[in-house]
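Trainee: Sequence:
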Amino acid sequence: MSGTILGVIADDFTGATDIAGLLARSGVRVSLRIGVPDAAPNGTSAFEVIALKSRTAPVQEAIDETRAALAWLRDAGAHRFFWKYCSTFDSTAEGNIGPVAEALMADLGTDQTIYCPAFPENGRSIFMGNLFVGQQLLSESPMKDHPLTPMRDSNLMRLLHPQVSKPVGLIDRLVVAQGVEALRDSLSQHHADGTSHVIVDAVANADLETIAAACRDMPLITGGSAVAMPLPALYLADGLLSADAPKQQLHDLERKTIVLSGSCSAMTNAQVDAYIARGAPSYRLDPLALSQSGPQAVLEWLTQQDLGAAPLIYATADPAQVKAAQAELGASNVGALIEDTLAECARVARDAGARRIIVAGGETSGAVTKALDVTQLDIAVEIAPGVPWTYCTSGGTQIALALKSGNFGREDFFTLAQNKLDTP
0 MSGTILGVIA DDFTGATDIA GLLARSGVRV SLRIGVPDAA PNGTSAFEVI
50 ALKSRTAPVQ EAIDETRAAL AWLRDAGAHR FFWKYCSTFD STAEGNIGPV
100 AEALMADLGT DQTIYCPAFP ENGRSIFMGN LFVGQQLLSE SPMKDHPLTP
150 MRDSNLMRLL HPQVSKPVGL IDRLVVAQGV EALRDSLSQH HADGTSHVIV
200 DAVANADLET IAAACRDMPL ITGGSAVAMP LPALYLADGL LSADAPKQQL
250 HDLERKTIVL SGSCSAMTNA QVDAYIARGA PSYRLDPLAL SQSGPQAVLE
300 WLTQQDLGAA PLIYATADPA QVKAAQAELG ASNVGALIED TLAECARVAR
350 DAGARRIIVA GGETSGAVTK ALDVTQLDIA VEIAPGVPWT YCTSGGTQIA
400 LALKSGNFGR EDFFTLAQNK LDTP
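Position one of the sequence shown corresponds to residue 0 (numbering that gives the first Met the number 0), numbered consecutively onward.
Do not take every clue at face value.
Unchecked claim - In the EDC-like style, the derived pairs of lysine to aspartate or glutamate whose C-alpha atoms are separated by at most 16 Å in a straight line are: (1) K143 x D317; (2) K255 x E381; (3) K369 x E343; (4) K322 x D350; (5) K419 x E381.
I should point out that these hints are in silico values taken from the structure, not numbers from a laboratory.
Can you make the complete structure from the sequences, with help from the hints?
Mentor: Laid out in structure tokens, this is it:
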């Protein structure tokens, strides 16, 4: 079978590159669209990913955008779909994970789906319905202080229940460990009981393989990116994916680079510190100063830098600094100031010759891709689990973009990313 097989809808930009990168491990070409395309589908890939900026949008807006993405993917020929959200289940009591899932289920005419945000390679696991970040419960991890979606509960059933209108259930690790048929039987029993929303435990990649195998014929799967990783091999075995599907290619681009960090996650803090410690030129954005004087100072600094040295511009700060700035200016105003400034820095750097742009933070990634007028990305080499390099056209020239979720990657991520892209 040819054409688009799997249509993925992601609720933010780094989440989209995350799942696209894991699907691209199969070697098959993966195409990522920034927002719902205006044009009708044409020349689509076997795996099409649409990146939205809906994670913290008003619920109805998120639903409307996601339904539009679903319609485009169905027109592209996709007959299986994946709703991708963060592996830390970022949401509020109102949504957007549950309401969007129910809207997709209604459009697809299905009355059951699963929820599995586990990503063992990045320390995200689910046991007895509770989400862990490393060895910490979600509610005890740095995510408890997230500036937009603070996660104060670790139990996925309790988190999901107020977001949906139909019953929520659990298939625990003890069932998953029994294999594919046991998992299918449990899903069937939940269906007979009227349970539409099923949390599924996973603590290791073997669990994800079991879950993907059991659920691969579902019209809709929801979760973090890792549960989608086994799907290409399963589709190949089922005859849905051709063995000679187009492969990815590397491109040789100039090494001029800019690193932009808007994330305030604990891991990005460490990555920024490590990068500065190795001697990289750096400039820290102060939201209070930006509110008073605008971005001119950082733009002047940027124009004086040697892009061959891959300078860093960052707004990364600890939770206390973030809260102080939000108290002075308002949380949404702080976010907008940082995103708009880093987006302008990306455009100026591109015009100055940067052909490799590394971005940390989901909201920042969305702002940067918009500023660069990027509408489609081809997935390339993986830098870290869930973080690939991508190729795109911006300002009439080809560039490489790395869009990193705040919590992903090792402390040396910014250096590693630059080394990974070099053609052997």
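Trainee: Could you run down the list of hints and mark each one as holding or not?
Mentor: Against the structure, the hints come out as follows:
1. Proposed proximity of K143 and D317 is supported: the alpha carbons are some 13 Å apart, at most 16 Å.
2. The straight-line distance between the Cα atoms of K255 and E381 is roughly 20 Å, outside the 16 Å bound, and the hint therefore fails.
3. Our distance criterion of 16 Å between C-alpha atoms is met by K369 and E343, whose separation comes to about 10 Å.
4. A C-alpha spacing of about 34 Å is found between K322 and D350, which places the hinted pair above 16 Å, so the restraint is violated.
5. Only pairs whose Cα atoms come within 16 Å are accepted, and K419 paired with E381 is accepted, the gap being roughly 8 Å.
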